[in-house]
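Below, each chain spelled out in residue letters.
2 protein chains.
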Amino acid sequence: MTVQQFTDYVKKMQHYQEALGVIYWDMRTGAPKKGVAQRSEVVGTLSASLFDMQTSEQLGGLLTALEAQNTELDYVTRRLVEEVRKNYDQNKKIPAEEYKEYVILQAKAETVWEEAKATNDFAQFLPYLEQIIEWQKKFIQYWGVKNGSTYNTLLDLYEPDMTTEVLDQVFGELRETIVALVQKIAASPNKPDTTMLFKQFPKEAQRALSLEMLTQLGYDFDAGRLDESVHPFMIGINHGDARITTKYDEHDFRSAIFGTIHECGHAMYEQNIDAKLAGTLLATGTSTGIHESQSLFYENLVGRNEKFWAHNYERLQKHSPAQFGDVPLNDFLRAINMVEPSLIRIEADELTYPLHIMIRYEIERDLFNGDLQAKDLPEVWNAKYEEYLGIRPDNDAKGVLQDVHWAGGMFGYFPSYALGMIYAAQWKHAMDQDLPNFDDLLAKGELLPIREWLTEKVHQYGALKKPFELLQDATGEGLNAKYLANYLQEKYTKLYQL
Amino acid sequence: MTVQQFTDYVKKMQHYQEALGVIYWDMRTGAPKKGVAQRSEVVGTLSASLFDMQTSEQLGGLLTALEAQNTELDYVTRRLVEEVRKNYDQNKKIPAEEYKEYVILQAKAETVWEEAKATNDFAQFLPYLEQIIEWQKKFIQYWGVKNGSTYNTLLDLYEPDMTTEVLDQVFGELRETIVALVQKIAASPNKPDTTMLFKQFPKEAQRALSLEMLTQLGYDFDAGRLDESVHPFMIGINHGDARITTKYDEHDFRSAIFGTIHECGHAMYEQNIDAKLAGTLLATGTSTGIHESQSLFYENLVGRNEKFWAHNYERLQKHSPAQFGDVPLNDFLRAINMVEPSLIRIEADELTYPLHIMIRYEIERDLFNGDLQAKDLPEVWNAKYEEYLGIRPDNDAKGVLQDVHWAGGMFGYFPSYALGMIYAAQWKHAMDQDLPNFDDLLAKGELLPIREWLTEKVHQYGALKKPFELLQDATGEGLNAKYLANYLQEKYTKLYQL
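Chains F and R, in that order, are what the protein sequence lines are.
Letter by letter, the first sequence follows residues 1 to 498 in the UniProt record's numbering.
Letter by letter, the second sequence follows residues 1 to 498 in the UniProt record's numbering.
Hints in this document: simulated from the structure, not taken from any laboratory.
Among the hints, erroneous ones may be present.
Intra- or inter-copy, both count: the list cannot distinguish identical chains.
For lysine to any residue, the following SDA-like pairs were computed, each having C-alpha atoms within a straight-line distance of at most 20 Å [claimed, not checked]:
1. K34 - A283
2. K34 - G279
3. K33 - G21
4. K12 - F51
5. K482 - Q54
A quick note: this is a predicted structure, and the numbers were derived from the prediction, not measured.
Required output: the full structure, derived from the provided sequences and hints.
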């Protein structure tokens, strides 16, 4: 009886979430602009109703009752109780008044950050950043210190059970490999010619190619659709509806094609979760890092792989003949895998990208676990860019002010991006045991066995298994940066003939 | 204070309605099919929450409090209280248990109707139809008999203050004119050639033409968008978001073009309601008949007008040259205005359409006010088709089973369609006083003054003025079928050279 009440209650919360999902998608894919202001009020009303449900005495009572009979529950219900409890405590332990004050500050901080970035004025943003950090520290006290340190509580929000101890180790190992490679590449005379990347590629042809790619990758169009938005995203609206968007730049086709492939990786995760988890909180990715491992697996290990393009290059040439008609495949491959240290994270290439993440991680860790002060961030940031990437921002807009995350209070999130790459290389290593002909499959355009492997090992479980459990079961070991390091070493040594 | 509470409360209800609007639109314009079943549950959850709000003790209390201070309220609030009270009573006067039973019956009845129509089996549907009618009669007792008769209560749901007395009179007058015209046309040797209508017109070209038409008519794309669906519709999601859909049939372009123009008429009504009514229940059409008068004004009085095509025919030819290239404009005009008595309402032409409505109206009136029995409907239906249209259905699928309305309990709705035509002709007559150069404007493609006239006289008021008040203020008289009769007489006498 209590179980039924509980699952019905959760289902109702999910219905609100789903309505918000449709509205979110609509607002970003073509809702007429005069309707948007009032639509935001609708989001406010539904979010408030959802928050009331998420923090109600009734839900608290159901959780307590179910926790008392924990051993009698089936596994799915037990995990569902655990997940709902985590969210419940996260929402409930902060006094409502304080949370309200924080939300107002956060909204204000994002606006100020936007201005500060535009005018390159860190001092303007600093007092808001300091307050956001103070609030986060306060929240950690409410939530409780997890896994031995303050910052681990924040990591756990996005990557359950992740710790600085683990991250220090894997990031340390990875940094060594990457920094050495980047230095060798900088010294290499074998620079790719990238001019063809920026030639005109008509939008309609990019869309046609994107649709063909999605079909080839195994995206289910009966459970999703492709639209256009300013920033590409994937949204799992419900178990049978994982939509993706992409962005068409007629003078840089990479945003559409690699964006589509990336979001497809996210979407296929959502599409292939076991149907029995539909309508629970478990029918989603188990962490941001694991989710990112799916998108990055497809974007990098498939979408930037030479065999993938051996199969698809003719198709690409057909869609934009003037651009690629007289470019040999190998020149194209070198261009889309070009390495160049740069200041902006979201524009970084595959090899230098993790360095951007490590810098942010170290800063966050030291803000919460050490004695780093917010006021010192620009100097620390710039010094780390110089040390790891060999370049130094000449202003804070291109430095510490570039990302919105901290203005939004999202500390602990950044590591997920690099974790996604590490996990992805681990899936690839395990997959190689079962599908030793991986490269042949790409060369033949037969991508379904790859998706099926990921479904069997990762997708189907949704959030039923936590990240480390999922990893252990699928690969037989814990987090290990060696596979990513080896992959990068091998790939870029060959590409740049180091 | 109470006023503020009341308007906030109404606004919150409207937020739920708006969320349901986005979901409804999405489900009909491309939501992936695997996501639809669960989406229906979301609709169920939000609708139930909305119904709770619509029937709460709190709302009842607010209404009572505001009604007590009625004379102190401004006009908008007074009308808002009146409208909310009407809905509140409509929902609240039926005991919840009975309503639930009815909703289940209604869902079942629609399914059975669908089967009965497919197998041409009225007897299968009859017991459901009888129960639906019994329930409606019961509801009328709860709601109270309005304007002197049982059926008037149902009319009032869709067309406030409408009565059988008025309808008998206007429909009677109109029927005489139309039947005489139809008979003369049947006897006329001047039959149009319609073969060009059914030649191929590529979908993309139809869409391009639809967009050009919308721009010309004055549709605001910043407050709407054009999509595709199985049945064309307009949905006013909020004050700045009135979307339309159309249907592309490559072998009958009329569904897309006239469908788009029709829905544009609905949408421009919603788009041009005074902004001060946004977020209230008054920011919508004041009745189904008045709403229909806007769509039919554009579809028939503009979209089937010879001057409109004098301006647009070249454009049409350009979009489908093989189809229209060697067809003279006059032949085209005669084809799109062809009159032919037919059995199916939704396929009827402008002239015979009102006869289809009158038949349904008379049957509904006699079911509720007289002693007509549901079991006798097929015979009565067929006899009326023979009498008014000179043709007789050879089965019930093409007769009494053709429309879903009665299975859904929508008695009182049909007259709106014909009322829309009557109102439209009245607007046109009044408009001619202010814009004597109406035909010249069409010939020049300058349609904005027409939209502006309708906005000044109709659109801006939303539901602030009730239909008869709106009509009186704009035209100086009440409902009058003379203008429609004259318009039809003149138009078809000329087209068929009677």
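Structure-based check of each hint:
1. K34 - A283: So K34 and A283 pass the 20 Å test across copies only (15 Å; inside, 34 Å).
2. K34 - G279: For K34 and G279, only the inter-copy Cα distance (14 Å) is at most 20 Å; the intra-copy one is 33 Å.
3. K33 - G21: Intra 18 Å, inter 16 Å, cutoff 20 Å: intra and inter.
4. K12 - F51: For K12 and F51, the Cα distance is within 20 Å both inside one copy (12 Å) and across copies (16 Å).
5. K482 - Q54: Neither. Shortest intra-copy (41 Å) and inter-copy (61 Å) distances fail the 20 Å Cα cut-off.
Of the numbered hints stated above, the single one contradicted by the structure is hint 5.
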